[in-house]
Each structure stands twice: as C-alpha cells, then as structure tokens.
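Construct all of the structure, not just a fragment, from the sequences and the given hints.
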Amino acid sequence: MDKEHHHSEDRNSPADTWAEARALIDAPDGSINIAYEAIDRHVGQGHGEDVAMLWLGKSGARLPFTYADLADASARLANVLAAHGLSKGDSVFALMGRVPELYITALGTLKAGMIFTPLFSAFGPEPIQTRMEIGSANVLVTTAELYKRKIVAWRDQIPSLKLVLILGDVAPEGCVALGPAMAASNPSFQTVRTGPEDPALIHFTSGTTGKPKGAVHVHNAVVYHAFSGRHALDLTPGTIYWCTADPGWVTGTSYGIIAPLVNRVTMIVDEAEFDLDRWYSTVQNEKVEVWYSAPTAIRMMMRSGADAAAPYDFSSIRFLASVGEPLNPEAVVWSEKVFGQPFHDNWWQTETGGIMIANRPGMTVRPGSMGQPMPGIEAGIVERGEAGLTELGTGQVGELALRPGWPSMMRAYLHEQARYDKCFADGWYLSGDLALRDADGYFWFVGRADDLIKTSGHLIGPFEVESALIEHPAVAEAGVIGIPDETAGEIVKAYVTLNPGYESGAQLERELRGHARKKLGPAVAPREVIFHKTLPKTRSGKIMRRLLKARELGLPEGDISTLESDES
Amino acid sequence: MTPDEIRTAFLQELTNVAPDIEPDTVGPDDHIQDDLGLDSMDVLTLVTALHDRLGVDIPEADYPRIASVALAQAYLAERMA
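If you're matching them up, the sequences are chains A and B in order.
Heads up, the first sequence is in my numbering, so the first residue is 1 and it goes up one at a time.
Heads up, the second sequence is in my numbering, so the first residue is 1 and it goes up one at a time.
You may find that some hints are simply not true.
[As the list claims (entries may be wrong)] Example chain A residues on the side facing chain B (calculated, C-beta under 10 angstroms, incomplete):
id, residue
1, Glu273
2, Leu276
3, Arg278
Bear in mind the hints are in silico, worked out from the structure with no lab data behind them.
Every residue, glycine too, gets a C-beta built ideally from N, C-alpha and C.
Spelled out as structure tokens, the structure:
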C-alpha cells in the first residue's frame with residue numbers, strides 16, 4: 001500500500017514554501033494587513049495608475065478603478081467607520097450585490113483593522129439575521145432596498161449593531177447614507193497595524209446540525225492568497241482576470257478580491273448574473289486572460305452548445321479554472337474544444353481559506369480529478385476508527401485530510417471551540433469530503449461524508465432549511481437532502497410530514513416552497529417538497545437523512561439498526 | 001394562444017417556480033432575476049416548465065428574451081406563431 005505523503009512533486013518542505021510565499025508580500029515592520037498588501041503597497045511602488053478593478057454594471061456601465069482610486073475610496077471608508085467610534089477588531093458586515101462599494105467596504109474595513117464578513121445578497125432574512133447574531137455585527141453596509149426588505153423588521157434584535165450604512169445619498173431612519181459620508185471623509189488613512197494572527201475575515205459555512213459556523217481567518221492568510229493566486233491561477237501583475245464568484249461565498253473574497261489584488265492584476269467584476277452572451281462578450285471584449293468560474297455555469301455554457309460560442313474570439317484566454325464541486329470530465333473536454341484551454345478543476349473549502357488541491361498551470365489536466373496538492377500542502381486519505389485515524393492507500397475511498405499549518409487555514413469557528421476541535425484528529429484537518437487518490441497522486445472527489453448539500457458550488461446545511469420549513473404551521477417534521485442534478489451538482493429537496501388539519505397537495509407544496517424562499521432565499525430553499533406520512537427516525541428522534549437519500553436514489557439502505565419509526 | 005393567454009401561462013409558471021412572488025405584484029418590465037429574485041437554476045426550471053406547457057424550446061442564448069413578463073410575452077408569441 002502506498003502510504004507515502006503527497007505534497008505534489010515539489011520537494012521543498014512546507015516551511016521553505018511559506019518563506020518563499022512570504023516574499024510575495026511586503027509586511028512592513030512585521031505587521032501584515034491584507035488591504036495594505038492588496039492596494040497601498042502597489043500605489044507606493046508606483047502602480048497607482050494601473051487598473052485594479054474593471055466594474056461592469058448590469059445596465060452596461062463600464063467603470064475602471066485604479067489602485068489609487070481604491071486606495072482613496074477604502075481610506076475614506078475606513079475614516080467613516082472610525083468617525084462613528086468603531087475601532088480595531090469591530091465587526092463589519094456587507095450585504096449587497098457586486099457593486100464597487102462592496103469591494104471598497106472590504107478593503108476599507110481591513111484597512112481599519114476591523115473584521116469583514118460578506119453576506120450573499122440573495123440570502124433571505126433568516127440566514128442574514130442568524131449570521132449577524134453569531135458574528136456580533138457592529139456595522140452593516142447595505143442598500144436601502146435590501147434594508148427595507150430583509151433587515152428592518154428585526155434590526156433591533158441585534159444589540160451589537162451600532163451603525164447601518166446605506167449606499168447612495170439618502171438613508172432610511174436610523175441609518176447613515178454612505179455617499180455623503182464618503183465624500184466628506186478624508187482620503188488618507190493610516191492603515192491600522194495588524195499582526196499576522198489578528199482576525200481579518202469571517203466566512204460562514206453551514207453545519208449538518210446546529211447553526212452556521214463562522215470560520216475566522218487572519219491577516220496572515222494573505223501570504224497564501226498571494227502564493228496560491230500565483231501558482232494555482234497564474235495571476236501575475238497586469239493579468240486580466242475574471243472570477244465570477246460572488247464575495248458572499250469564500251471564493252469571491254479569497255480569489256475575487258484578495259488574491260487578484262495582491263498579485264496586482266486587473267480584475268473584472270460583473271454585477272450581473274450568468275447570461276451566456278454577456279459572459280462570452282465579456283471574455284472577448286475585455287480580453288480576459290485568466291477565468292475562474294464554477295461547474296454550474298460551465299455546464300450552462302455547455303448546454304448551449306459549441307455553436308453559441310463560435311462567433312466569439314477567445315484567443316485572449318491563457319488559463320481556465322473551476323471550483324465549487326467536481327467538474328465532470330465532459331465539461332473539461334468541451335471547454336478545451338471551445339476555448340482552446342481546458343477548465344482546471346481545483347478543490348478547497350471555506351475553512352482552508354485558499355486552494356489546496358489543483359490542476360495547476362502547466363500540469364496535465366486529468367478530467368474529473370481535482371488535481372494534486374499545492375506546493376506546501378500535504379494531503380491524505382484517511383479513515384476514522386475506534387483507535388484513531390488510519391491513512392489509506394492508493395485507490396481507496398476515505399476522508400480527504402490535510403496537515404494543518406498553511407497560512408490561510410481558519411483559526412477558529414466563532415464561539416464554537418468544540419465544533420472546531422472536531423475538525424482535527426491525529427495531526428490532520430478533516431475536510432468532511434470523501435475522495436480517493438490515484439497512483440499518480442491525483443485526487444478524485446467521491447461525495448460528502450456528512451449530510452451537507454453541494455448545490456451550484458455552495459454548501460447548504462440541511463438543518464437551516466429544515467428549521468425554516470418547521471416554522472410553517474402546516475409542517476410537523478422536515479428532512480432535507482441533496483439529490484443529484486446534472487447542472488447544479490445537487491439540488492435541495494425536502495420531505496415533510498404535516499400537522500393535523502393540513503392537506504397535502506400541489507397548493508401546499510407551492511406554499512411551502514414560497515415560505516422557504518421568503519425566509520432563506522432561492523439558493524438555500526428547497527426546489528421540491530415531498531409529503532410523507534412519517535419520516536425515518538432514529539430511536540432518539542433524529543431524522544435519518546441518509547436513509548431518505550438512499551431511498552430517493554434507490555441505493556442500499558445501509559445500517560438501519562437505529563431506525564425507530566418508518567412507514568412512508 | 002392569445003397574447004393574454006401566453007402572459008397568463010408565463011406568469012403561472014413563473015410563480016410556480018418562485019411561489020414567494022405574488023402574481024399581482026409583478027410589473028410587465030420587472031426583471032425576473034434582478035427584481036423578482038430568481039436565480040439561474042430557477043431560470044432553467046422555468047425554461048423547462050415553459051417547454052412542457054407551451055412546447056417552445058428556448059435556447060440558452062434567448063434567456064434574456066424571457067427576462068420580464070413583457071419580453072416573454074412577445075418572444076413566446078413569436079416562437080409559437
């Protein structure tokens with residue numbers, strides 16, 4: 001059995017690798033601040049007039065922001081926060097679409113030494129409120145529309161919240177308009193000296209049970225953002241780069257804000273959602289060189305066929321990458337035919353902060369595989385047993401695990417030490433993903449080890465969905481699983497039992513989906529609701545999602561010795 | 001089908017995909033994603049539903065042409081003619 005540890009063909013020890021990575025940033029006097037490394041450093045080195053961000057508005061606007069522009073705007077934002085009495089370590093949440101202010105808020109918050117949490121703007125009120133409670137939000141930056149629709153009803157229930165900044169020139173009662181505040185604010189700000197281990201970002205990720213977890217990332221993570229941006233995505237100064245992810249998910253922050261700016265690229269930000277012709281035109285007209293997207297979007301392009309792509313000139317493309325869920329081999333092959341380059345799949349998680357396993361530039365892509373561990377990253381396949389972890393050999397399916405210690409590893413789950421501790425055993429970080437490693441050291445995703453649902457590249461916790469369904473008066477119990485879908489990877493499907501006095505039927509099915517969408521938003525809410533008389537439960541009353549799924553998919557039911565009640 | 005019937009069919013399928021939307025509140029020019037909050041998976045589901053109901057196969061490149069009730073009404077009428 002091959003038990004050799006795989007950290008790619010790279011012979012350097014992790015320590016050597018991180019020393020090399022550290023040379024990609026400045027870190028003056030031992031302090032490390034992500035915003036300084038992303039913006040001000042480049043301005044100081046004479047690159048202030050380079051375009052940092054090219055923003056494409058929904059209705060056709062095309063606005064370039066230079067590094068100097070972002071330095072100015074983020075300094076103003078930091079001054080606005082300071083003027084309201086906020087200081088280092090305070091928590092700033094952003095809830096908005098991909099507008100320039102989102103990027104400015106991220107950078108200004110980090111500059112001010114505060115902790116930045118982006119939320120996906122399509123979330124419904126419940127996921128937003130839960131995350132702001134857990135994160136003890138002090139500031140929320142949002143739009144008047146989102147505030148009215150999703151926040152105002154429960155704002156007073158977040159006692160930590162001191163300031164709500166509203167984009168534009170007018171703000172509802174109890175809020176401050178950001179436009180005039182920025183205009184009146186000083187365009188220079190002394191970046192707060194943050195230490196490498198000072199918290200910088202909190203990204204929420206779903207749990208199988210209980211509330212979402214806030215993964216805490218520190219300023220030192222920028223070392224890995226710089227390094228992985230360079231080595232996994234080929235980001236070099238001046239590269240025209242488009243990451244299609246929303247910063248509300250970790251990819252859109254690590255590789256949609258930090259890694260590109262630290263590597264001094266010109267990054268495209270498109271406010272609009274996926275639209276075939278718009279995307280192809282953007283690649284062609286903006287001469288995108290490196291494009292980082294996700295399987296759901298790639299499969300949507302594929303559905304439209306090579307003909308739809310034929311009129312466009314994709315000769316600018318140098319490197320394509322994909323993340324979120326495994327990219328099917330057909331999509332890899334198709335992309336090479338259509339774009340002249342294959343999409344390079346890679347793998348990482350909210351917790352890892354950066355790309356861990358990748359089909360890197362220059363490597364032979366193995367279609368369907370996530371690639372090999374990045375330099376400095378040691379990955380293994382392990383099995384949990386009574387006596388601890390056993391490392392498995394080539395071709396065996398087990399849990400994908402990593403040796404902790406890379407710079408962008410999460411440092412905590414906020415207020416959840418026990419759940420954090422459970423991620424580690426015998427010197428490994430346990431990812432919760434099942435995978436195998438082939439004889440050549442490529443890793444292949446097999447599935448989740450738990451009940452989490454991977455849909456359109458996002459990880460959804462069934463518990464959060466079930467909780468929202470149960471709030472409907474008709475619903476007695478709910479079990480939520482992911483079922484395979486050729487475009488989204490998986491889609492969220494719910495099974496419910498009803499309280500007495502309620503009739504199952506198409507009308508109620510719609511009502512429940514509508515209820516869930518209002519509370520959770522479309523990305524999280526179930527796409528389908530099925531009525532059952534009972535749900536399979538353990539003797540302790542826990543709904544057996546695994547069994548629901550096995551039945552749905554016609555798979556073996558496995559160990560059902562704990563099954564208590566069940567007659568669907 | 002009359003334009004009105006097409007409009008009604010579209011609206012019914014739209015609010016079936018996204019039952020959080022009240023049909024009465026949908027304006028003719030509301031964008032199904034930007035204003036009504038559908039995501040791209042919802043759009044795919046809607047396209048499938050329209051195909052099943054009206055027999056119109058909508059290619060990916062034409063999705064912008066069903067982005068509002070008014071646009072969809074015109075587009076579907078043209079395709080069904």
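Taking the hints in turn, this is what the structure says about them:
1. Glu273: Hint on Glu273 (chain A): holds, closest Cβ of chain B at ~5 angstroms, below 10 angstroms.
2. Leu276: holds (5 angstroms)
3. Arg278: holds (8 angstroms)
Checked against the numbered hints given earlier, this structure breaks none of them.
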